[in-house]
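Number of protein chains: 2
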Amino acid sequence: MTQQPLILYDIPSTTPEKAWSPNLWKARLALNAKGIPYRTVWVEYPDIADLCKRIGAEHTGMRPNGPHYTLPVVQDPNTGAIVSDSFKIAQYLDKTYPDTIRLVPDGTAAFQAMFVETTTYKVMFLMYKTFLEKIVPLLNPRSSEYFRRTREAFFGVKIEEVAPPGPARDETWKEMLDGLSLVTKWEAEGKGIFMMGETVSFADIVMLALLHWVKIMEGVESKEWKDVMGTDDGRWAKFYQALEKWIWVDEGSYGDK
Amino acid sequence: MTQQPLILYDIPSTTPEKAWSPNLWKARLALNAKGIPYRTVWVEYPDIADLCKRIGAEHTGMRPNGPHYTLPVVQDPNTGAIVSDSFKIAQYLDKTYPDTIRLVPDGTAAFQAMFVETTTYKVMFLMYKTFLEKIVPLLNPRSSEYFRRTREAFFGVKIEEVAPPGPARDETWKEMLDGLSLVTKWEAEGKGIFMMGETVSFADIVMLALLHWVKIMEGVESKEWKDVMGTDDGRWAKFYQALEKWIWVDEGSYGDK
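Sequence lines, in order, name chains A and B. If you're matching positions, the first sequence starts at 1 in full-length UniProt numbering and goes up one per residue. If you're matching positions, the second sequence starts at 1 in full-length UniProt numbering and goes up one per residue.
Take the hints with a grain of salt, since some may be wrong.
Identical copies carry no separate label here, and so any pair may be met within one copy or between two of them.
Stated by the list, open to error - Listed next, the in silico DSSO-like pairs over lysine-lysine satisfying Cα-Cα at most 30 angstroms (straight line):
| hint | residue 1 | residue 2 |
| --- | --- | --- |
| 1 | K223 | K18 |
| 2 | K158 | K185 |
| 3 | K53 | K185 |
| 4 | K122 | K34 |
| 5 | K95 | K223 |
| 6 | K34 | K191 |
None of these hints come from the bench; they were simulated from the model. Since the structure is predicted, the reported quantities are computational estimates derived from the model, not experimental observations.
Put together the whole structure using the sequences plus the hints.
Here it is as structure tokens:
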């Protein structure tokens, strides 16, 4: 295969795997699942907007002061394509590399989009509130300062006050576990461990990224990881084991070289 | 075809079509879309539990005082099957009558279940609050009394106080229209007018039942119907027109004869 490796722009952390953000993991897992060669380029938070403007990556939202740029972005030197947003990346990879595992089977794009949005509110955002305080120290200094400043502006309080340990955080965590059980309930309609039964699709990539986030943030010995693995009679433990083979990160390099 | 007609147990109203409840319409539209011969048996609210127990229909929920029975129920004299719940009915019909339009294509059962639940909260329940007051007078006397009594127990206030005309009801209605736009946003990921693109599935039956409910409750000259038809640049008007052919009701008979 004469195919050149793609580039995945990701945000580094000081954790052993370096990759830590669930939305970034969604794109990485899509590439890993499909076995498409790529290399990671690590970008600190304050450099994301400039990078995106320079390489021509689309913004993913609008803010009062203009377009908002986010990672993941995938750059494909084989086609010249630059794609933002993990779901759009999965769809791009499906279209461009049709001989790899299909992550958005025909006719399911709208369902996958609904799944991404629903789990963002019912699972990811609740994890995010719980983990927020722990994200700050695991980022490199420039990203850490940027993350704290922008998130405190968003929430209007110190990061430590968003979900301090105690009943409110416990409640948020419980609500997140209920979100997992909701997905389990839907999946019971299919006849398999995945959202589409026996067939893996982007929805499962999303769930794998979210489960793995708990492992990254809390560690395998934590109450939180045990909560997740025990939820729905161990169903998420089985799910994680089935797809764990896709969880790996290359060394990568800094900057766009 | 030597197939005997199935029986759909439905709740009557004094509207011209008699059928009026969105969850019942979901089952009726599934039968109509598939072209499966059936006849309607009309059952008043206070008679539902006794009917279900007598014919052996499963309850669909639990209440403090025991199992809770609801319609739709479909009875199939060809197989002896008795099926409660519109989504289960659609799945039963797919399995038993495989030569008709497939409403739950392979691998989509979990997605369809997610769609049913999401639209129940984001669309149907908001319509329900808005229409509540208008449902009472369109039911026959025994059902009307039962409906008012049980719903007032549920909400803890008079039906007229749940969403009285004014800013609160306007806000609920606006939220419902936002729910429709959410579905439109997801569907934009597919490339067609339906949730699965060009392929009709149970998700579309759900949306058709909900849209038709607005027509039944408010009429074609109402602001509400015009709101819905105008939402998302007329997308729901096109959708309704495409599937309107499935909206019909047989005369039916009272009781289980």
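Check your understanding: If you check each hint against the structure, which ones fail?
Key -> 2 and 5
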